[in-house]
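Engineer: With chain A held as given, fit chain B onto it using these hints.
Those protein sequence lines, which keep their order, are chains A and B.
In terms of my numbering, the first sequence is residues 238 to 623.
In terms of my numbering, the second sequence is residues 238 to 623.
Hints are supplied without guarantee of correctness; some may be wrong.
Pairs involving identical chains hold if they fit within one copy or between any two copies, as the list cannot separate such chains.
Heads up, simulated DSS-like pairs for lysine-lysine below, C-alpha to C-alpha not over 25 Å straight-line [to be verified]:
| hint | residue 1 | residue 2 |
| --- | --- | --- |
| 1 | K548 | K334 |
| 2 | K618 | K548 |
| 3 | K360 | K334 |
| 4 | K459 | K615 |
| 5 | K255 | K490 |
| 6 | K255 | K308 |
| 7 | K516 | K314 |
| 8 | K606 | K533 |
Since the hints were derived computationally from the structure, they do not count as laboratory data.
2 protein chains.
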Amino acid sequence: MIVDNSLDEVKKRESALKVIKSIMEKDGRASLYDVTGLSGGFIASEDELNLLETYVGPAIFEDELQIQAKKHLGGEKALAVNRTSSGILASILALVKEGDHVSHFLAQYPAHPSIPRSCNIVKADYDEYINIDEFKIEDNTSLVVITGSTMDHQVIDEDLFIRVIEMAHERDIPVLVDDASGARLRTAVFKQKRACDLGADLVVTSTDKLMPGPRGGLMAGKENLIDQVKIKANQFGLEAQPPLILAMVNGIKNYSEENLIKAISRKDDFYEMLSKDYKLFEKTPTGCMVSENSLKNQLDDLDIETELSDKDLCFLWAMILLREEGIITIPAVGMPGASATIRFDLSTQDVIDMDLDVLYEKIDSSFKKLLDVCKDSKKSKELIFN
Amino acid sequence: MIVDNSLDEVKKRESALKVIKSIMEKDGRASLYDVTGLSGGFIASEDELNLLETYVGPAIFEDELQIQAKKHLGGEKALAVNRTSSGILASILALVKEGDHVSHFLAQYPAHPSIPRSCNIVKADYDEYINIDEFKIEDNTSLVVITGSTMDHQVIDEDLFIRVIEMAHERDIPVLVDDASGARLRTAVFKQKRACDLGADLVVTSTDKLMPGPRGGLMAGKENLIDQVKIKANQFGLEAQPPLILAMVNGIKNYSEENLIKAISRKDDFYEMLSKDYKLFEKTPTGCMVSENSLKNQLDDLDIETELSDKDLCFLWAMILLREEGIITIPAVGMPGASATIRFDLSTQDVIDMDLDVLYEKIDSSFKKLLDVCKDSKKSKELIFN
Numbered sequence: 238m239i240v241d242n243s244l245d246e247v248k249k250r251e252s253a254l255k256v257i258k259s260i261m262e263k264d265g266r267a268s269l270y271d272v273t274g275l276s277g278g279f280i281a282s283e284d285e286l287n288l289l290e291t292y293v294g295p296a297i298f299e300d301e302l303q304i305q306a307k308k309h310l311g312g313e314k315a316l317a318v319n320r321t322s323s324g325i326l327a328s329i330l331a332l333v334k335e336g337d338h339v340s341h342f343l344a345q346y347p348a349h350p351s352i353p354r355s356c357n358i359v360k361a362d363y364d365e366y367i368n369i370d371e372f373k374i375e376d377n378t379s380l381v382v383i384t385g386s387t388m389d390h391q392v393i394d395e396d397l398f399i400r401v402i403e404m405a406h407e408r409d410i411p412v413l414v415d416d417a418s419g420a421r422l423r424t425a426v427f428k429q430k431r432a433c434d435l436g437a438d439l440v441v442t443s444t445d446k447l448m449p450g451p452r453g454g455l456m457a458g459k460e461n462l463i464d465q466v467k468i469k470a471n472q473f474g475l476e477a478q479p480p481l482i483l484a485m486v487n488g489i490k491n492y493s494e495e496n497l498i499k500a501i502s503r504k505d506d507f508y509e510m511l512s513k514d515y516k517l518f519e520k521t522p523t524g525c526m527v528s529e530n531s532l533k534n535q536l537d538d539l540d541i542e543t544e545l546s547d548k549d550l551c552f553l554w555a556m557i558l559l560r561e562e563g564i565i566t567i568p569a570v571g572m573p574g575a576s577a578t579i580r581f582d583l584s585t586q587d588v589i590d591m592d593l594d595v596l597y598e599k600i601d602s603s604f605k606k607l608l609d610v611c612k613d614s615k616k617s618k619e620l621i622f623n
Numbered sequence: 238m239i240v241d242n243s244l245d246e247v248k249k250r251e252s253a254l255k256v257i258k259s260i261m262e263k264d265g266r267a268s269l270y271d272v273t274g275l276s277g278g279f280i281a282s283e284d285e286l287n288l289l290e291t292y293v294g295p296a297i298f299e300d301e302l303q304i305q306a307k308k309h310l311g312g313e314k315a316l317a318v319n320r321t322s323s324g325i326l327a328s329i330l331a332l333v334k335e336g337d338h339v340s341h342f343l344a345q346y347p348a349h350p351s352i353p354r355s356c357n358i359v360k361a362d363y364d365e366y367i368n369i370d371e372f373k374i375e376d377n378t379s380l381v382v383i384t385g386s387t388m389d390h391q392v393i394d395e396d397l398f399i400r401v402i403e404m405a406h407e408r409d410i411p412v413l414v415d416d417a418s419g420a421r422l423r424t425a426v427f428k429q430k431r432a433c434d435l436g437a438d439l440v441v442t443s444t445d446k447l448m449p450g451p452r453g454g455l456m457a458g459k460e461n462l463i464d465q466v467k468i469k470a471n472q473f474g475l476e477a478q479p480p481l482i483l484a485m486v487n488g489i490k491n492y493s494e495e496n497l498i499k500a501i502s503r504k505d506d507f508y509e510m511l512s513k514d515y516k517l518f519e520k521t522p523t524g525c526m527v528s529e530n531s532l533k534n535q536l537d538d539l540d541i542e543t544e545l546s547d548k549d550l551c552f553l554w555a556m557i558l559l560r561e562e563g564i565i566t567i568p569a570v571g572m573p574g575a576s577a578t579i580r581f582d583l584s585t586q587d588v589i590d591m592d593l594d595v596l597y598e599k600i601d602s603s604f605k606k607l608l609d610v611c612k613d614s615k616k617s618k619e620l621i622f623n
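Just chain A, with the same shape it has in the complex:
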């Protein structure tokens, strides 16, 4: 294994950031194509920037945040957090005690690691389910979690969503929805209702996922629960700081479902193009993706011999895409525990109007390089870490 643990993932990310910097400096921003679907923005006017002081900033932006967050997520009260993961940690610190149980329902494994990790910190038992018939709520359960849309954009069925909430509420257990990308994917693309409108008590979304906001988390829900989460967030420094809050407000204001819808209309053409030569791509709601398994299978079909693990192959391809073609994907720059699936999101600003033939050429050419490099473990390691 080349990328074997969280420290390796941190080092890989550091290496990717260095490559991005050097491309920026050498060829400029236009030579980078961020298709992560996580390319957040930082929209701010000069007047707003002048207010970005410790105590004056939040005073001004907090009111507007409440208004915009309620429009976007519903609920009684909102709370801006530093990241979706820190919102999940704050929620679990506030609502779950040692020995309690947390049940998590999602459309498909794996769950985002911040949920079991946060349970582990408070020493709570944790179970996850993808089959509603197996879904159980143990006696000492203090929190039920639902993932609206997984890291790989698998969206939960709305009827199951409602059923899990009902099961939890029958027993007076609050429901937290991890709607990181789901708050937009589920509503704009799958025409589902907002989590709070379906009865969720707390919801958290990522303000950089499929919307022009900053990397950050936005929570909404029942006022008394938000207040409890806010205490933990403030105690441990998990809340969003004024510059993020400002950019979140403007991100929501500038969000429209248009880019998502446009990406969907182009993804079928893109998928067809890719599938002529390759059978490793799958459709996502807003583009195409390659999973660890499909990549491994395609290499096996081509009789490529490699010592690399399936995951390492994804990391390697992501680094080649970045180094050779300037294409930024999550396996290159993701935080520890992020999915190794290589996703090409067509809804991002960098590719929303890009000629798909050009994008295809870049992917095709980087794959050929991958076939060559992956036979050489030493060279692969260099490409990932240096």
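Structural biologist: Relative to chain A, chain B alone:
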């Protein structure tokens, strides 16, 4: 008790932020005087702002952060975190296990609550000491913490600082220094060495304390320890986001010891002015302050009858200072657990050139109002929460 728990503290802060907003809207920024010493800035050029994207931003600013952080704090590697508290949480998550021991040495009680609270989360034993002769490192200790300068700006003696580090290192235990304001107060004012230069393995400072940076935390230290802390920070969303990193870099670049030195030169005049009529003020390195005790004693001397607790009296005065005079102090806007001491920091941008007579009048007039209001518990509660 009016402000009785963390939730009350959150509500009090929300109320103070509303007052700040209304003053801003009605009378403009010039009618607010932030003397918290926490009035961070957000210095950024237009070009830099354009780079504030999720993955492009950190790629660009990360290198510069390493350079500037090393200049400011020393050490082998730096890490930007969302707040000093989140850096402390990340450090304890990384280095301390259940049943381990953490020993904390500081100049004066109380310790910043994020340290015992983080120990509590991982179920570690925690002890704090202000007397070097009593200072003990238990057998199963995995971390020694030193506070460079307390929330009330009590600075540790440099010889004791070195002695605690030596005691920890004799037993191969890493030392984390909470140098929130100390990284500047100790060095610029008390001419002490930087924590890393004194042998500390990790240090964290607040980039909004006594420097023109954003609310946020900056860590530095041994590379292998920073890497371990970084993993936890990334896993739980405790790291600083690109807008903060950018503003931290510029905050350090724009920091000079001048304002601190100037504040010191004015504080004696200010103290003399205040002490003519009042005996409740004490000097701080950069201004004057009123502790819970001194406030209570002065009211007793004046035979004022009040049902308010000592802490509530501080909160009430802070809210009157804000509502009536536009003076922002920490007890009004602080996070849960922040000190109730009312500090008037003369080094902040808003008062660095202010006529001290004008500032005196404001403090004097608000104190007279306090004497009146504190007799009426209902009215006091309204002023704090509404």
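Engineer: With reference to the structure, classify each hint as holding or not holding.
Structural biologist: Verification of the supplied hints:
For a Cα distance limit of 25 Å, the shortest separation of K548 from K334 qualifies neither inside one copy, at 34 Å, nor across copies, at 30 Å. Taking the shortest alpha-carbon separations for K618 and K548, only the intra-copy value of 13 Å comes in at or below 25 Å, while the best inter-copy value is 58 Å. For the homomeric pair K360 and K334, the shortest alpha-carbon distances inside one copy (7 Å) and between copies (12 Å) are both at most 25 Å. Taking identical chains as interchangeable, the C-alpha atoms of K459 and K615 are never at most 25 Å apart, the minima being 53 Å within one chain and 28 Å between chains.
Within a single copy, K255 and K490 get their C-alpha atoms only as close as 32 Å, which misses the 25 Å cut-off; across copies the closest is 22 Å, which meets it. Taking CA atoms no more than 25 Å apart as the test, K255 paired with K308 passes between copies only; the shortest distance there is 21 Å, against 38 Å inside one copy. Proximity of K516 to K314 under the C-alpha cut-off of 25 Å is found in neither arrangement, the shortest distances being 46 Å within a copy and 44 Å between copies. Taking the shortest alpha-carbon separations for K606 and K533, only the intra-copy value of 15 Å comes in at or below 25 Å, while the best inter-copy value is 74 Å.
Going through the hint list in order, the structure does not satisfy hints 1, 4 and 7.
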